[in-house]
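Take the given structure of chain A and dock chain B to it, following the hints.
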Amino acid sequence: MSPVIRPAISLFVALTVVTGVAYPLAATGLARTFFPQQAAGSLIEKDGKAVGSSLIGQSFSDPGHFWGRPSATGPQANNASASSGSNQGPLNPALADAVKGRIEALKAADPGNTAPVPVDLVTASASGLDPHISPAAARYQVNRVAQARKLSAEQVSALVAQHTEGRQLGFLGEPRVNVLTLNLALDQAAAK
Amino acid sequence: MTNHSWLLLGLFLLSLLLLVKPVGIFIADVMEGRPNLLLRLGGPIENLLYRLCGVRKDEEMGWLRYAMAILVFNALGALAVYALQRLQLWLPLNPQAMANVSPDSSFNTAVSFVTNTNWQGYGGEATMSYLTQMLGLSVQNFLSAATGIVVVIALIRGFARHSSKTVGNAWVDLTRITLYVLLPICLMYSVFLVSQGVIQNFDAYKDVTTVEVTHYDNPKLDAAGQPLKDDKGAVVTEPAETPTQTIAMGPVASQEAIKMLGTNGGGFFNANSAHPYENPTPLTNFIQMLSIFLIPGALCYTFGRMVGDTRQGWAVLATMTLIFVVMAVTAITFEQQGNPVLAQLGADSSVTALQPGGNMEGKETRFGIADSGLFATITTLASCGAVNAMHDSFTPMGGFVPLWNMMLGEVVFGGVGSGLYGMLVFAVMAVFIAGLMIGRTPEYLGKKIESFEMKMVSIAILVTPLLVLAGTAIAVMSADGVAGIANPGAHGFSEILYAFTSAANNNGSAFAGLSANTPFYNVMLGIAVWFGRFGVIVPVLALAGGLAAKKRIAVSAGTMPTHGPLFVVLLIGTVVLVGALNYVPALALGPVVEHLMLIGK
Numbered sequence: 004m005s006p007v008i009r010p011a012i013s014l015f016v017a018l019t020v021v022t023g024v025a026y027p028l029a030a031t032g033l034a035r036t037f038f039p040q041q042a043a044g045s046l047i048e049k050d051g052k053a054v055g056s057s058l059i060g061q062s063f064s065d066p067g068h069f070w071g072r073p074s075a076t077g078p079q080a081n082n083a084s085a086s087s088g089s090n091q092g093p094l095n096p097a098l099a100d101a102v103k104g105r106i107e108a109l110k111a112a113d114p115g116n117t118a119p120v121p122v123d124l125v126t127a128s129a130s131g132l133d134p135h136i137s138p139a140a141a142r143y144q145v146n147r148v149a150q151a152r153k154l155s156a157e158q159v160s161a162l163v164a165q166h167t168e169g170r171q172l173g174f175l176g177e178p179r180v181n182v183l184t185l186n187l188a189l190d191q192a193a194a195k
Numbered sequence: 085m086t087n088h089s090w091l092l093l094g095l096f097l098l099s100l101l102l103l104v105k106p107v108g109i110f111i112a113d114v115m116e117g118r119p120n121l122l123l124r125l126g127g128p129i130e131n132l133l134y135r136l137c138g139v140r141k142d143e144e145m146g147w148l149r150y151a152m153a154i155l156v157f158n159a160l161g162a163l164a165v166y167a168l169q170r171l172q173l174w175l176p177l178n179p180q181a182m183a184n185v186s187p188d189s190s191f192n193t194a195v196s197f198v199t200n201t202n203w204q205g206y207g208g209e210a211t212m213s214y215l216t217q218m219l220g221l222s223v224q225n226f227l228s229a230a231t232g233i234v235v236v237i238a239l240i241r242g243f244a245r246h247s248s249k250t251v252g253n254a255w256v257d258l259t260r261i262t263l264y265v266l267l268p269i270c271l272m273y274s275v276f277l278v279s280q281g282v283i284q285n286f287d288a289y290k291d292v293t294t295v296e297v298t299h300y301d302n303p304k305l306d307a308a309g310q311p312l313k314d315d316k317g318a319v320v321t322e323p324a325e326t327p328t329q330t331i332a333m334g335p336v337a338s339q340e341a342i343k344m345l346g347t348n349g350g351g352f353f354n355a356n357s358a359h360p361y362e363n364p365t366p367l368t369n370f371i372q373m374l375s376i377f378l379i380p381g382a383l384c385y386t387f388g389r390m391v392g393d394t395r396q397g398w399a400v401l402a403t404m405t406l407i408f409v410v411m412a413v414t415a416i417t418f419e420q421q422g423n424p425v426l427a428q429l430g431a432d433s434s435v436t437a438l439q440p441g442g443n444m445e446g447k448e449t450r451f452g453i454a455d456s457g458l459f460a461t462i463t464t465l466a467s468c469g470a471v472n473a474m475h476d477s478f479t480p481m482g483g484f485v486p487l488w489n490m491m492l493g494e495v496v497f498g499g500v501g502s503g504l505y506g507m508l509v510f511a512v513m514a515v516f517i518a519g520l521m522i523g524r525t526p527e528y529l530g531k532k533i534e535s536f537e538m539k540m541v542s543i544a545i546l547v548t549p550l551l552v553l554a555g556t557a558i559a560v561m562s563a564d565g566v567a568g569i570a571n572p573g574a575h576g577f578s579e580i581l582y583a584f585t586s587a588a589n590n591n592g593s594a595f596a597g598l599s600a601n602t603p604f605y606n607v608m609l610g611i612a613v614w615f616g617r618f619g620v621i622v623p624v625l626a627l628a629g630g631l632a633a634k635k636r637i638a639v640s641a642g643t644m645p646t647h648g649p650l651f652v653v654l655l656i657g658t659v660v661l662v663g664a665l666n667y668v669p670a671l672a673l674g675p676v677v678e679h680l681m682l683i684g685k
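Going line by line, the protein sequences match chains A and B.
Position in the first sequence (from 1) plus 3 gives the number in the numbering used here.
Position in the second sequence (from 1) plus 84 gives the number in the numbering used here.
So here's chain B without its partners, still in its complex pose:
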């Protein structure tokens, strides 16, 4: 960690902690319908929408109906994104005449964007029309974020209410969070991004005449358009040259804003936030990192406020922040150490005033090591999955951090809404374990935790590890799975493990060397993202319904306080232990082996 790295981490934490309270209060006000300026301005539009859509604003829903509403709404989204991709060639706003996307890739992308995962088997600028990007992908960036937030609001209501049959109105919640929180912030945010150099237009790709002619080896194609291979299986190439460069265009800024704010992470371009048109300056990088954690952090405050005890929210936030700092320092430290293999070849990886040094393969000069390592930590703790550096090229332990972060279950900040509901599930687990140790009925926020709640908590915690480990096992045992590997040795196993971890935890980042745009991976990972999302949301809503129906019990001398340091330690222990118990054997085969091999060099 250089001084610059410490300064960056400190500034980031300071900015985040300053924003958590005002944004948290704002979200609580919006979701509870307390009149503020925006709600008054938007009121007529909101009411008009309800009238058009046949929504009765004051009608409350039980948890099952709430869950049905969420499922149907998201299924519609998946259908729409699928259809847009399959038909894009015949639809407008396709200046590059992008072909219709294959059925398996369309399926994967549709469920991936609906579930807030934004795993991308395709390269954006070479696959998607502007219409698909803005009317399909961008819309799901909003709606999947809204879905995550309303589910956690329903869970918070479960704690806050008592003897109640209902947890809120899904339609009203979805509309309010979209109109009053996500949209206004994104509009300002996208204009800021453009001011720094992010593009926002509907032009065709631009051909420019470059300063030098570019010489390259072009793969020869056979009659069917497939690359020709020689006897040894190497691709046959012929020398070629081009005096021009074709620069991809598009409505990037509007999508970039919600991509970060909604912890979606699906890049407009293949290189995601490493692309200079998505993330042109260190300032945009800083704001992008901040906007990933903004809502997940603020929701902790919203939680404390809505359950009537802000200390509860701060305790959860403290838990998240402590884990975050440890992971960030680890990632930056190992990336800064660089790759000894390259040092032996004569590449200078030291830190000087003139260069950031470190492991620069797959990193951008403007970000160097500190901004890349911090971004990687943030994007994987939050289930964002945007990348500003290629995680596949990280050092073994530098790459261990993003992998491990996702394995914690995306509960340390996590996705918008999904991070907090995941963490609250762990909090219930923590009080349950504490209850077992001292022999008392566990309770959390005045609610007794009983058999039904623990069943739902167990399902929510176990569904993702099951998907990750079973998926990885199937992939490494099948020829289709192994065929996708790009890097030899332990790293190849890590690529597959990373893919399923990312998919089932709805992160979306990748060890991107893996060739995942195949029917095998598109289907397998598509299934993992869908059940990794709704296999958790449904039990969480059931938990919300169960809690809302309970009576509130008074605090007594035997109540374990859930706002102090003791509880924070207990919660960290629960999260880390569950993650470790599930994944240590798999991690040993991947990054740990690779690290031992690297230090042996």
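Just chain A, with the same shape it has in the complex:
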């Protein structure tokens, strides 16, 4: 056994140092040097105070803000220290109940809206922290937000357009709207 044990232990220690200490430290050094903002979490500051991260969704329920994807994290939605999906199966009655409740909440906040409700606006995201909604989900909310903010629908639509990203490099992923940055821009526009 000894011709196996000794190299096993020493090689395990050596490779642990290389892959578990040297490598993450080197990666951290390079990351901080070249991409300090991203390495630290892409945080957004307002008046010198961090108000969120452009990559992490927040909870919105005010009619004057765009609402994001429903979040299944606990105990509160969009808990960024406990990411999680709902894991509800397609036939689970709890899923149907949840979606029904979300559709009712959207209709209650905007009684005149008869447009079909985009599915991403009433289904929980995978991470519970999805920062985006589809452009359809943003368009669905434009009139409600404009009314609550006493802005014109055109002004709000223009803001949505500014915060809409197309497919990356033109062909990857889905078009999407960043809810937090859109709402921050909206707050700024309404304050003027």
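Hints were generated in silico from the structure; no laboratory data involved.
As the structure is a computational prediction, the values presented were derived from the model and not from experiment.
It cannot be assumed that every hint is accurate.
As the list claims (entries may be wrong) - Think about it this way: if two alpha-carbon atoms lie no more than 16 Å apart in a straight line, the pair counts; the simulated EDC-like pairs of lysine to aspartate or glutamate are:
1. A:Lys52 to B:Glu296
2. A:Lys49 to B:Asp291
3. B:Lys290 to A:Glu48
4. A:Lys52 to B:Glu116
5. A:Lys153 to A:Asp65
Chain B only, in chain A's frame:
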């Protein structure tokens, strides 16, 4: 399948096929010690390591010693990961003061990461200290990947060598694959990930003041810290609000890179590659998918090159690719159809220029249906197990695909190394079946397949179905097993079946509604991952030793060619048939029943 889905699938295949040959040649050069630039640069470091560790570089090992080396090396890894979790509260780099992990969960996580499974009963950002993540889990991401690759290299040597007592030196193989292949790629890869938004720091979790105050229902706790329940068993809550959001931090990018490249799949965060800090953009998603298949695909070329006939490698790769395309199209198609229950409630699941539509429960907006369905197919065909969407919320047939992919035995691309050695085991099985049909002694790559080889092949093929079906049966019959189910009906059975399939095949993804962080599941699944890994590795190394010792027989008119379309069809048939024979009854009780119920809606 939308045009966008076809484009994505096409681009993915093209990128993969372009990379297979150069990476395959590179791996072959490294493992055969042919001097290239990296080997020259790293030579002094490599030799220093050998001197420190008492390794004699030129010493060759027989299969049994090679297997002992692998087992001891991996057992040490399991001990280290276990110890780190049990002691993390008293160790440095724990800014959130994460408590020591329970013994059963530590055991499960330790064997799960050592076996390249990376099944996770815990939520990363709420359980593990930075030290445990980087010194325990991240290290095992490297070493379990290295283990898989060196075992397949030993098997390839078994085919390539003749009349030889040895299959290589385990220490040298492990060191070389780690230093020259995994590390350099991961270093570049992690910097790329950070450029897209993946975090890499050692800061404490950050509190930010959110735009709106969040209102929520907080579960009331009793004196023992357990949630209070009312007479009906529902959790009692009280209204609460918070003006802040606590954002988890950590050295994510360095772990993310090896998590994908080594087909490990254990997320830094609970939501895995769905978390925006692990997989922030469609581009990172594309590269993550590519990096899962990169080494398993490239090893096919390495195989062809090392046995001296690259057509053999292409035939294996073609087999894998054909199965992959069928499964990807199936998954994306069913997810795109969406959930009729939600449509009846008034949710619009159609595809338009403004939305991806489809079944968006448990999916991220930036990935939509195509990127989620493709990722799910890739991560389960390869034994990666990272997820960018919650498989538990897939439509029945969309969820059937990941389950079935794992049931094929993780041989279609499969884990790094483990996929190819699994597929080569099936190839031996295929020539054996062909030999029976035409009444000739089967041979593969100039080696006669005889009784000893077939015994090892049979063990390697049968050990995982046995673990899956016996484990599932025990779990559904025991109260502890049934207690973990989250979704009612057939879906609940699928959750348990998925858990054991994932564990025994060393995948690690989950129908994550199942509450698996209990002593019952931690122990049962821990046993399944360990024997699902080493119950295959040991017979495979024995097969390698048996083959290496044989003489090479010359190709004759009676030799069945193993590089043409006929062999590809035979191999696909063998893989699919063995999988189907083992699992059709179980599948009928799970996703098939659920699908029939859904279309009846």
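To see whether the hints hold, each was checked on the structure:
no., hint, in the structure
1, A:Lys52 to B:Glu296, "15 Å, holds"
2, A:Lys49 to B:Asp291, "14 Å, holds"
3, B:Lys290 to A:Glu48, "13 Å, holds"
4, A:Lys52 to B:Glu116, "56 Å, violated"
5, A:Lys153 to A:Asp65, "14 Å, holds"
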